[in-house]
Amino acid sequence: MSRIIVIGLFILVAVLLGVVAWFARREESKIPSLGEVAGFVMQYEVGRVPVGRVAVLGFWWWAGWHFFAR
Amino acid sequence: MEQPPPITAVRVWDRPWVVVPVFVLIAAVGGLFDSFTSSANLLVLGVGGVMMWLGLTGRAGRRPVPRALPRSTLWWLVPLLLLALVELFTFTMHSYENYPTLSLLADPLLESYAARSATYFLWLLGFWGLIRR
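Protein chains in written order, with our numbering: chain A, 299 to 368; chain B, 80 to 212.
Note that these hints are calculated values from the structure, not bench results.
Cβ coordinates follow ideal geometry from the N, Cα and C atoms, glycine included.
Fair warning: there could be bad hints in the mix.
[Claimed, not checked] Going by beta-carbon spacing under 8 Å, a handful of chain A positions derived as facing chain B: (1) 304; (2) 309; (3) 311; (4) 329; (5) 338; (6) 353; (7) 359; (8) 362; (9) 364; (10) 366; (11) 368.
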C-alpha cells in the first residue's frame with residue numbers, strides 16, 4: 299500500500315510540474331519558466347566564484363550519473 | 080569573472096543542427112551501457128565534464144536572464160518541495176519495496192535500450208539548456 303502511495307506522490311509531482319510549466323508558458327504569464335528560474339539562480343556568485351552556476355550544473359551532472367551510471 | 084559572449088555571437092558548432100545529432104549519437108552510445116559499468120561512468124563523467132566546462136567558461140551563447148524574479152516564482156516550489164520531501168522520506172526509510180526512491184522506480188524503465196537512450200538524450204538537452212542560461 300505504501301508503495302502505491304509513494305508512486306502516486308511521484309506522479310502528482312510530475313503532474314504539478316506539468317501544470318506549473320503550462321501556466322508559465324501562457325502569454326502574459328507572471329510565472330517565469332523553469333529555465334528562467336534556473337538562469338536567475340545561476341547568476342549567484344560569491345566573490346568571483348560562480349556558486350549558483352556550479353551548483354545547478356553540478357546537480358544536473360550528478361543526476362545523469364545517478365540515473366545512468368550509479 | 081570573464082563575461083560570456085552574447086547569444087548573438089553563436090559559434091558554428093553552437094547550433095541545433097550540429098548539437099542535436101551529436102546528442103543523438105551520444106545518447107545512442109550511452110543507451111548501450113548498463114549502470115555500474117566503467118563505460119557508463121566514463122561516458123557520463125566525460126560528457127558531463129565537457130558540459131560543465133562549456134557552462135562555466137561561457138563558450139556557448141547565453142540567453143538573457145531576468146534581473147529579479149516575481150513572487151509567482153514560488154509556485155515552482157510546490158512540486159519541487161514535494162519532490163524533495165518524498166525523495167528524502169523514501170531515502171530515509173531504506174525500504175526498496177515499500178518506499179522506493181525515484182531512481183529505484185526508474186531503474187526497470189531504463190533497462191530497455193530505447194528508454195535509456197531517449198532519457199539520455201533528454202538529459203543532454205537539459206544540460207544544453209542550462210549552460211545557455
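Q. When the nearest CB of chain B is found for residue 359 of chain A, is that gap smaller than 8 Å?
A. Status holds, d = 4 Å.
Could you check if residue 364 of chain A really has its C-beta closer than 8 Å to a C-beta on chain B? The hint holds - residue 364 of chain A has a Cβ within 8 Å of chain B, the shortest such distance being about 6 Å.
Restraint check, 8 Å cut-off on beta carbons, for residue 338 of chain A near chain B: OK, holds: residue 338 of chain A within 8 Å of chain B, min 5 Å.
Under 8 Å is the threshold here; is the Cβ of residue 304 of chain A close enough to any Cβ of chain B for the hint to stand? Nearest chain B Cβ about 6 Å off; hint holds.
Self-check item: Interface hint for residue 311 of chain A, Cβ within 8 Å of any Cβ on chain B
Solution: The hint holds - residue 311 of chain A has a Cβ within 8 Å of chain B, the shortest such distance being about 5 Å.
Given a cut of 8 Å on the nearest C-beta pair, is the interface hint for residue 368 of chain A held or broken against chain B? At 6 Å from the nearest chain B Cβ, residue 368 of chain A passes the 8 Å test, so the hint holds.
Per-residue hint verdict: residue 353 of chain A, partner chain B, C-beta under 8 Å:
Not OK, violated: residue 353 of chain A not within 8 Å of chain B, min 11 Å.
Q: Would you settle whether the hint for residue 329 of chain A is holds or violated, based on the nearest Cβ-Cβ distance to chain B being less than 8 Å?
A: holds (5 Å)
Next on the checklist: Next item in the hint list is residue 362 of chain A. Is there a CB on chain B closer than 8 Å to its CB?
Outcome noted: This interface hint holds because 5 Å falls under the 8 Å limit.
- Message: Min Cβ distance, residue 309 of chain A to chain B: is it shorter than 8 Å?
- Response: violated (10 Å)
Practice problem: Hold the hint about residue 366 of chain A up to the distance rule: shortest CB distance to chain B must be less than 8 Å. | Solution: holds (5 Å)
The structure is inconsistent with the numbered hints 2 and 6, although it conforms to all the rest.
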